[in-house]
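Build out the structure end to end from the sequences listed, making use of the hints.
These protein sequence lines map, in sequence, to chains A and B.
Note that numbering that gives the first Met the number 0 gives residue 232 to position 233 of the first sequence, counting from 1, and the numbers run on in steps of one.
Note that numbering that gives the first Met the number 0 gives residue 298 to position 299 of the second sequence, counting from 1, and the numbers run on in steps of one.
Among the hints, erroneous ones may be present.
To list a few chain B residues with every Cβ distance to chain A over 12 Å, as calculated [to be verified]:
id	residue
1	Gly88
2	Phe90
3	Cys118
4	Asp362
5	Thr377
6	Leu391
7	Gln413
If we take Cβ atoms under 8 Å as the criterion, some of the chain B residues that face chain A in the derived model are [stated by the list, open to error]:
id	residue
8	Arg53
9	Asp56
10	Arg58
11	Leu59
12	Arg61
13	Arg360
Hints in this document: simulated from the structure, not taken from any laboratory.
Yeah, the Cβ is synthetic: ideal placement off N, Cα and C, and Gly gets one too.
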Amino acid sequence: MSDFEWELIATNDEIEGKQRLSVIVDDTPALLIQLSSFWYVIEDVCTHDGQPLTEGEISDGEIKCPRHGARFDIKTGVALCMPATQPIRIFEVSVREEGLYSRPYSEKDLKSMQETNELEEIEGTSEGENKETALVDLDMSPSESFYDESAEDNLDERGLPNEAAMLDALKTVIDPELFVNIVDLGLIYDISRKEENENEVVLTMTLTSPACPAGPQLISQAKAALESLPGVNDAEIQMTLSPPWTPEMMTEEARDQLGIF
Amino acid sequence: MQTVMPQISMTTSDGFESFLETRHEPDWLTQRRRDAFALYQALCETELEPEEYRRIDLRLFRPDSYHLVSQQPETGEANQFSTLMEHRGEFGGSVAHTDGHPVRSHLEPELVEQGVIFCDLGEAVSKHEELVKEHLMTRAVLPEADRFSAWHAAFWTGGLFLYVPRHTSIEKPLHSLIGLATAKAADCSHTLVVLEEGADATLLEETASANEKDAGLHVGAVELIVAAEARLRYVQLQNWNDSVFHFAHQCGRVERDGSLQWTVGSLGSKFSHIHQDVMLDGKGADAQVNGVAFATGRQKLSFYTSQWHKAPNTHSDLLYKEVVRDRSRMIWRGIIDVAPAAQKTDSYQRNDSLILSNDARVDAIPGLKIEADDVRCTHGATAGQVDEEQILYCMSRGISQDEAMHMIVNGFFQQVFDRIPVEIVRETLSQSVQTKLGFNN
Numbered sequence: 000m001s002d003f004e005w006e007l008i009a010t011n012d013e014i015e016g017k018q019r020l021s022v023i024v025d026d027t028p029a030l031l032i033q034l035s036s037f038w039y040v041i042e043d044v045c046t047h048d049g050q051p052l053t054e055g056e057i058s059d060g061e062i063k064c065p066r067h068g069a070r071f072d073i074k075t076g077v078a079l080c081m082p083a084t085q086p087i088r089i090f091e092v093s094v095r096e097e098g099l100y101s102r103p104y105s106e107k108d109l110k111s112m113q114e115t116n117e118l119e120e121i122e123g124t125s126e127g128e129n130k131e132t133a134l135v136d137l138d139m140s141p142s143e144s145f146y147d148e149s150a151e152d153n154l155d156e157r158g159l160p161n162e163a164a165m166l167d168a169l170k171t172v173i174d175p176e177l178f179v180n181i182v183d184l185g186l187i188y189d190i191s192r193k194e195e196n197e198n199e200v201v202l203t204m205t206l207t208s209p210a211c212p213a214g215p216q217l218i219s220q221a222k223a224a225l226e227s228l229p230g231v232n233d234a235e236i237q238m239t240l241s242p243p244w245t246p247e248m249m250t251e252e253a254r255d256q257l258g259i260f
Numbered sequence: 000m001q002t003v004m005p006q007i008s009m010t011t012s013d014g015f016e017s018f019l020e021t022r023h024e025p026d027w028l029t030q031r032r033r034d035a036f037a038l039y040q041a042l043c044e045t046e047l048e049p050e051e052y053r054r055i056d057l058r059l060f061r062p063d064s065y066h067l068v069s070q071q072p073e074t075g076e077a078n079q080f081s082t083l084m085e086h087r088g089e090f091g092g093s094v095a096h097t098d099g100h101p102v103r104s105h106l107e108p109e110l111v112e113q114g115v116i117f118c119d120l121g122e123a124v125s126k127h128e129e130l131v132k133e134h135l136m137t138r139a140v141l142p143e144a145d146r147f148s149a150w151h152a153a154f155w156t157g158g159l160f161l162y163v164p165r166h167t168s169i170e171k172p173l174h175s176l177i178g179l180a181t182a183k184a185a186d187c188s189h190t191l192v193v194l195e196e197g198a199d200a201t202l203l204e205e206t207a208s209a210n211e212k213d214a215g216l217h218v219g220a221v222e223l224i225v226a227a228e229a230r231l232r233y234v235q236l237q238n239w240n241d242s243v244f245h246f247a248h249q250c251g252r253v254e255r256d257g258s259l260q261w262t263v264g265s266l267g268s269k270f271s272h273i274h275q276d277v278m279l280d281g282k283g284a285d286a287q288v289n290g291v292a293f294a295t296g297r298q299k300l301s302f303y304t305s306q307w308h309k310a311p312n313t314h315s316d317l318l319y320k321e322v323v324r325d326r327s328r329m330i331w332r333g334i335i336d337v338a339p340a341a342q343k344t345d346s347y348q349r350n351d352s353l354i355l356s357n358d359a360r361v362d363a364i365p366g367l368k369i370e371a372d373d374v375r376c377t378h379g380a381t382a383g384q385v386d387e388e389q390i391l392y393c394m395s396r397g398i399s400q401d402e403a404m405h406m407i408v409n410g411f412f413q414q415v416f417d418r419i420p421v422e423i424v425r426e427t428l429s430q431s432v433q434t435k436l437g438f439n440n
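What follows is the structure, encoded as structure tokens:
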């Protein structure tokens, strides 16, 4: 039993031929959305910037915030990507003769739904962990690969720049706030060549924080640095926040430079 | 409770015309109202300034569901409000309004002799026409600012006029009470304060609802005009019930070496948006702006503050302290604007918020716009939660959890309380904070 009364939110005429409609439930601006003949109601406020989702693009059961691209699952309200981290409120819908009714979910229903979500999240994390392990296996710890003095010869057997050469190039990219290069900062997680084309590389990197204002600048500079090497025609930059960056990822030298011991 | 009163719509031309019929005002004022209503209708067709209104959700606001109460309520009704300040101190004068109509007004005879005017604005229009005509919405709050100021300029009813002549000091504070008693009623009261050169006064104003549930609307304006070397202390304590929408344009202008100390307390309302401008027009002008806001339940309180430095050697200091709990939301957007002429400006802006629950939200956006090259301007905003360890520490000393929470919240506000020189305001605010926290023993 929900503690809330059902409210008529839209008559049949109002929803005729519509896929979505702005409504008010429980004194909250909400959005009524039709997904494969089922109706859902979500709170019409992005939990990231606190502004409406009304015009957001809908695909695969997700709504995308028109401003910063946060995505939410319409059925569960779960936040699916940055910059949103908190779920949006969802409401129960009932289809009746006069039209659609809605009300907030009861505590109990919400709890059971959240538990389901948590399960999904746990599955999600375990995948993430696998990825993390995979990254570690690539022995890309900057301190190791970078201070390997034997890496003088910077071309591999195919005559293409090797990892050390590429890291050298990336060392020219300096974080404009910390004045330390991105390699010593530990932002580089992985560099690999595409199997289908050895002249194309894929760089996996992170930022010191998800909201790092220098992000776009670092990404474009890293791309340019790699592409400046002979034998690299295209560098694809993949951003990841998993694992999140921590100060422990910096090299000793970078820590000295920043005065962190 | 009372007989049905004629209701006047505030969104239609018919409503506006029938409103004008109830007013018996000089032509210049009627014309200003007509211009403002035309402006309001035009502005409703345009977008609100995004920088100010982007974060403000007006989807729950239905302007046509409110009306003006055209008939004066029975006298004595002002007593139905549980006022926060009125019975705490001794006042030199007081004015009270209910549903936009003056219900009583009083000023000590010796102040009347000194030439002080303190009465409702309607009375001031008939008795001191030139003074009102000169200052009413001509310098501080302008009707064309946005749709809410235009709306207010068209429909203002009741309100307060305080005029203090040159070199006159009023020692005792003055008190004004603005009340809403009828469901769905709109209050469009206007506060106009004019201090002549070297004058000195303190005005405490509070708003209250007669009962806890009735929806209401306030579209108000506050104009504080402080001449050279004058000193004004103004406190507004907004304490509507949690069903009232509150929109206010407030502006203070300070001339050479004048000083304005302005405290805004926001405790009530379902939704409130305050546009507050402080303009330092004369050399050496000084303004201190204090904000105390506490939102609970599903309240949404929003502030848009600007500190305009227009002359050299001006000083301003703004401090807003905000607490949010439950699913409430607080929005503060502040700006310091220094004109090219305002060299040697010293300006500070600070906003601190304390978040007491997971579902509450605070948006704080400080800002600077500086066009002079020899200034000191700083700003900052903080947001944080109550440290569990502090609570644990208090509890280990035998203080209950509620009491500990109250101490911490009070301590958080203390910094701004300390800046308020009027004792009853400090006491009142502290008391209200306790009431809002919900343990009133």
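Numbers of the earlier hints that this structure fails to satisfy, in rising order: 4 and 12
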